[in-house]
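Engineer: Each chain is listed here by its residues.
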Amino acid sequence: MQKVFPTQEIGSLAKPAWLVKGVRGVRPSPEDRAELDYWAARLEIEGVDDLRHLLATNGERSEGAKQAIRDWGALFAVRFLEAAGLDVVYDGEARRVEMYEYPVRRIDGFQFYGHVRSFDYRYYRKAAVVDRVQLREPFHLDELGFVKRHARRPVKVPITGPYTLADWSFNEYYLREAGDIRDLRRRNYEAKRRFVMDLATEVLRPTLLALVEVGADWIQIDEPAATTHPEEVPILVEAFNAATEGVRARLSIHICYSDYRALYPHILQMRVDMLTLEFKNTGDYNIVNIFKEFGDRRQIGLGVLDVHSDVIETPEEIQERILQAVGILGAPERIWVNPDCGLRTRTWDIAFAKLQNLVEGARLARETVAG
Amino acid sequence: MAFAHLTGIFPRSEELITATRAFERGRTDKSALDRLFEEEAQRLVALEVEHGLDYVTDGLLRWQDLLRPLADELPGVHAGPVTRWFDNNSFYRRPVIEAPLEPVSGAALRWTSVRALEGRPWKAILPSPWAFAALSEDRAYGDDKALLRDVAEVLRAEAASLAAAGCRYIQFSDPVLVARPREGALAPAQLALARVVEGLNVCTALYTFFGDAVPLLPGLLDFPVHEVGFDLFATEVDRLDGRVREQVLLLGGLNGRNSLLEDPQETAQTVRRVADRLHADQVAVVPSCDLEFLPYEVAVAKVRRLAEVKRLVG
Numbered sequence: 001m002q003k004v005f006p007t008q009e010i011g012s013l014a015k016p017a018w019l020v021k022g023v024r025g026v027r028p029s030p031e032d033r034a035e036l037d038y039w040a041a042r043l044e045i046e047g048v049d050d051l052r053h054l055l056a057t058n059g060e061r062s063e064g065a066k067q068a069i070r071d072w073g074a075l076f077a078v079r080f081l082e083a084a085g086l087d088v089v090y091d092g093e094a095r096r097v098e099m100y101e102y103p104v105r106r107i108d109g110f111q112f113y114g115h116v117r118s119f120d121y122r123y124y125r126k127a128a129v130v131d132r133v134q135l136r137e138p139f140h141l142d143e144l145g146f147v148k149r150h151a152r153r154p155v156k157v158p159i160t161g162p163y164t165l166a167d168w169s170f171n172e173y174y175l176r177e178a179g180d181i182r183d184l185r186r187r188n189y190e191a192k193r194r195f196v197m198d199l200a201t202e203v204l205r206p207t208l209l210a211l212v213e214v215g216a217d218w219i220q221i222d223e224p225a226a227t228t229h230p231e232e233v234p235i236l237v238e239a240f241n242a243a244t245e246g247v248r249a250r251l252s253i254h255i256c257y258s259d260y261r262a263l264y265p266h267i268l269q270m271r272v273d274m275l276t277l278e279f280k281n282t283g284d285y286n287i288v289n290i291f292k293e294f295g296d297r298r299q300i301g302l303g304v305l306d307v308h309s310d311v312i313e314t315p316e317e318i319q320e321r322i323l324q325a326v327g328i329l330g331a332p333e334r335i336w337v338n339p340d341c342g343l344r345t346r347t348w349d350i351a352f353a354k355l356q357n358l359v360e361g362a363r364l365a366r367e368t369v370a371g
Numbered sequence: 001m002a003f004a005h006l007t008g009i010f011p012r013s014e015e016l017i018t019a020t021r022a023f024e025r026g027r028t029d030k031s032a033l034d035r036l037f038e039e040e041a042q043r044l045v046a047l048e049v050e051h052g053l054d055y056v057t058d059g060l061l062r063w064q065d066l067l068r069p070l071a072d073e074l075p076g077v078h079a080g081p082v083t084r085w086f087d088n089n090s091f092y093r094r095p096v097i098e099a100p101l102e103p104v105s106g107a108a109l110r111w112t113s114v115r116a117l118e119g120r121p122w123k124a125i126l127p128s129p130w131a132f133a134a135l136s137e138d139r140a141y142g143d144d145k146a147l148l149r150d151v152a153e154v155l156r157a158e159a160a161s162l163a164a165a166g167c168r169y170i171q172f173s174d175p176v177l178v179a180r181p182r183e184g185a186l187a188p189a190q191l192a193l194a195r196v197v198e199g200l201n202v203c204t205a206l207y208t209f210f211g212d213a214v215p216l217l218p219g220l221l222d223f224p225v226h227e228v229g230f231d232l233f234a235t236e237v238d239r240l241d242g243r244v245r246e247q248v249l250l251l252g253g254l255n256g257r258n259s260l261l262e263d264p265q266e267t268a269q270t271v272r273r274v275a276d277r278l279h280a281d282q283v284a285v286v287p288s289c290d291l292e293f294l295p296y297e298v299a300v301a302k303v304r305r306l307a308e309v310k311r312l313v314g
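Residue numbers (the working numbering), protein chains in the order written: chain W, 1 to 371; chain R, 1 to 314.
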């Protein structure tokens, strides 16, 4: 019987300075190298002399050298998540700029204009769709292959979903295409739908099928924009189902910083095995009630770490949150435990301490339900 | 007669973005960042002047969100959880009110590049009392009416300090009234705003955005301000019905949330059509919302379009 409250990561980790500088052709500083040494020792990573050698010089590096540095970045992240004790791991998205720009740069039809603010001093580069979207070639395949070869735990590959890719872009092409619709609000909706569905069928689905082909058995589709426009949740669901048509893998969806009530009832039509959600940020675990209210029997990934705070949640606090969810759902076997979102904005020290406590909190909760 | 001006936070330039990131990572100090904020505010004011905007703003460049100066400066209030900002891929920190509010006066002013604005027809922007109360988390009152009353006192002090500093126009921004409409909201929202602007000797405006203004008309036109307006991209304009009293009508005719640059002729026609429907003699063409949802260069291009539309509307 599988243990209850298994633990998983959600996606991105901070990129170590030696990785960022190394790829840029800048020799890491003594502090950066000390950090590398510290984590290499702590994570018991062997053969690091090769990496030190790669990083030893300043100046433009060959593609092969960049690739090798990225491989090391991915390996460190895999070992980091394993050492923290998680049951399911990936590579902290060590090779991706971030979750939006990385895929968009692999799709024809987009043009980048510049940064927009997410919040505070956080920004992301936002593109406009200026032509019909077309996939150049499926992405994340080499990345997954590397992780599969090196991970000692089961692997889950994250990929940004079609709705979020569209929602985080300016829609120029599809709005022009829908110009025959007179009513402006209806025109916007239809243009959005066409954009999202093209991304689902022309970009995501071939990529997901290719990922399964190279060994993906669990794919997490990230849709943080899911409830941004509540009236568009039907588009989210339609696109998810179209993108995953015929994809033979376990499927989860990650949604965060959203109004989960807006997902229902439409999300009941989504062919997905698990909903992985953020809760710690708001502290509102009672929202788990909506699963019960709508008779949603799918698995839930319970967010128990605030990824925007350096405060380390205690194992007891995490245990309590898990048990609170158990109290509401009455189904421990359906609950997974994870951070609210990717931990990329935290240092590795903070992220590691948080994840260790997450694992310990899950263990304590497991003991409690075992009686 | 047509006017034009900006209605909210302006995006930071790529250079300023780089500097804010460096600041957050401890690679630059606050004084260096402040200097860049100041320079950028001056450049923005120059852009607004060059394009004939009737009021100028500093773009609220330092503001992390519409509510942040108050969340950071009011005793007993702090900037809380990261929360989605309406239907955008951007977030604000929800103010958490832990103790009864006390006006501090000058909170917004301290976050404003006053030097860039001095001697100009300067427009300031504050949240409406209704919006601030609705977008905060109340842990102190447990009574919406008392909370709204005290928020109004806080904003009254803020508005007074802005006016004393030389500001000529204060816009109260309210996405809540239209994007999260609630039965019976208009009367208390109006009463609270009336308290804020009472005795204030500057031009005042209520600007709503992100939601359809149709259900709020004609009541929206009764607010005790000199100018009132709404977002044409979120409003079913053909269903608008009402009669403007003597106010200037603020019409959000340039989309602050899409990079597609509007055809000035088409926008001018829409603005005229809406002005006719509401019997408005005077209109101001404005962006539909803050331009901060656009990259800097696109926002600059929108300012140029704004000036063109103003010219065409006449």
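The reader is advised that the hints may include incorrect statements.
Derived, one-sided and incomplete: chain R residues facing chain W with beta-carbon distance under 10 angstroms [stated by the list, open to error]:
{"#": "1", "residue": "R12"}
{"#": "2", "residue": "F23"}
{"#": "3", "residue": "F37"}
{"#": "4", "residue": "Q42"}
{"#": "5", "residue": "R43"}
{"#": "6", "residue": "R93"}
{"#": "7", "residue": "L232"}
{"#": "8", "residue": "S259"}
{"#": "9", "residue": "P295"}
{"#": "10", "residue": "Y296"}
If you're looking for bench data, these hints aren't it; they were derived computationally from the structure. Remember, predicted model here, so these are calculated numbers, not experimental data. Every residue gets a Cβ at the ideal spot worked out from N, C-alpha and C, and that includes glycine.
Engineer: Does each hint hold? Answer for all of them.
Structural biologist: Structure-based check of all given hints:
1. R12: With a closest approach of 7 angstroms, the R12(R) hint holds.
2. F23: holds (7 angstroms)
3. F37: violated (12 angstroms)
4. Q42: violated (21 angstroms)
5. R43: Interface hint status for R43(R): violated (16 angstroms vs cutoff 10 angstroms).
6. R93: It holds, given that the least Cβ distance between R93(R) and chain W is near 7 angstroms, below 10 angstroms.
7. L232: Where the cut-off is 10 angstroms and the nearest Cβ of chain W is about 8 angstroms from L232(R), the hint holds.
8. S259: This hint holds: S259(R) lies near chain W, its Cβ roughly 4 angstroms from the closest one there, short of 10 angstroms.
9. P295: holds (3 angstroms)
10. Y296: holds (6 angstroms)
Checked against the numbered hints above, the structure breaks hints 3, 4 and 5 and satisfies the rest.
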